[in-house]
Amino acid sequence: MNIISAQYMNATNLHDGTTYKDTIKATIGGQEMYVPLDPANRHYQAILEWAKIDGNSIEAAD
Amino acid sequence: MSKAAELAKWGEVSTNGQVSGRRNIVINGAMQVAQRSTSVTGIGASGGYFTTDRWAISVGATSAGRLTSAQVGDGPDGIANCTKLTCTTADTSIAAGELLQFQTKLEGQDLQQMNKGIASAKKVTVSFYVKGNAAATYSVEMHDRDNTRFNSQEFSVTTDWVRIVKTFAADADDGSSPYGDDNAVSMSLNFNLHGGATYTGGSHTDNVWHEVVNQRLGDNATSFFDSTDRTFFITGVQMEVGSVATPFEHRSYGEELALCQRYFSHSGDVRNYAFVHSGYSSTEAYGNFSFSVPMRTAPAVTMKSSGRNLYSNGGARTVTSFNATNIGTYNFAHKVVGSGWTSGHACHVDVDAGTRFYEADAEL
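Sequences listed follow chains A and B, in order. Everything in the first sequence is counted per my numbering, starting at 2 for the first residue and increasing by one. Everything in the second sequence is counted per my numbering, starting at 193 for the first residue and increasing by one.
These aren't lab readings, by the way, just hints derived from the structure by calculation. Misleading hints may appear alongside valid ones.
[Said to hold, decoys possible] A partial selection of chain B residues facing chain A, derived with a Cβ cut-off under 8 Å:
| id | residue |
| --- | --- |
| 1 | Pro491 |
| 2 | Val511 |
| 3 | Phe514 |
| 4 | Ala516 |
| 5 | Glu555 |
| 6 | Leu556 |
All values derive from a computational prediction rather than experimental measurement. Ideal placement from N, C-alpha and C gives every residue a C-beta, glycine not left out.
Extracted from the complex, chain A is given alone in its bound form (with noise of 0.2 Å):
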């Protein structure tokens, strides 16, 4: 899987208009993606395992 770029995405909580840590938006293979933190999901598998490479990290939230 070719990662070129990941960050974190915050979502709005529509009841109380706070934020929280929602997904991951992430350039893989030549596409923008919007990745779940799930486990299960095997897109944000290879991120977890992209970042732990020197020189790749999940850039926070704007």
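We have chain A; now place chain B onto it with these hints.
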């Protein structure tokens, strides 16, 4: 086969329940469904899912070899479609770690009937139709991913369609353990088409469960990447419990599509009107999309259409971003950020005609 032997076989078939209910564990064995694309070129630098659903190309270390994968209507009698792999760039200098597999992965909860890893473990029979541009020898492999165990058997390809039948030994109580009863990958069915010494260096024996990586490919293995003349056609893949290959289990297209949509689905090629959203505030609007069937796990979502606009109160509004958020196995929310609409008002998102709005990937 004698009449007595035939009757004995049918007795076993009946005992194993092979004459009733669903027999084929493999999804899209007839290569009917190709939601992503019907043809992709230049495959080989990295693996992934490209054409026919549930079937992946898996690669090892970097190879110069490249191929085209395509769903084509050139199946054997009674099976319309097949997957055709065509070598487009040869690789005759094979590094040790190179590997090329045509592969489908299976959830552990769908394999419990094999009784894997216990005294009553059952044999499994894999059958499939293959042909190629010329004679070749490859191997079909059951890879127990829960216990890192392998069992492969060589098979021959000719220029005519041939149904190959391979019965795999039961993997009982010899140090392995049962497949996990969950939605994670427990086993892959691999068609090994090319490999380096890491996978071929040992002495291979057909139909033996083992943990030795360099015995995975057969001693007579052909390299799919040996020539740009090389093709490999496959369809009618069936995996069933027991030692008998029953006739290929045909399913309707709709049924097979629904099975595939557990792992990959999309919006369809939509027309250029309304996906209804509502303004949560004057700068955020939300809509909701339900998946065709519940997915295996929360999928990665790709927003596909570049021609998206938001309309509200009779006109187009300014949009700065479209995001997928709150992704679950049943649905996800579509969040639009911009300005010019009113909190609490309905709005709709417009996309280019004939384009997909999203794709959702929950593959193994």
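Exercise. If you check each hint against the structure, which ones fail?
Worked result: The structure conflicts with hints 2 and 3, although it agrees with all the remaining ones.
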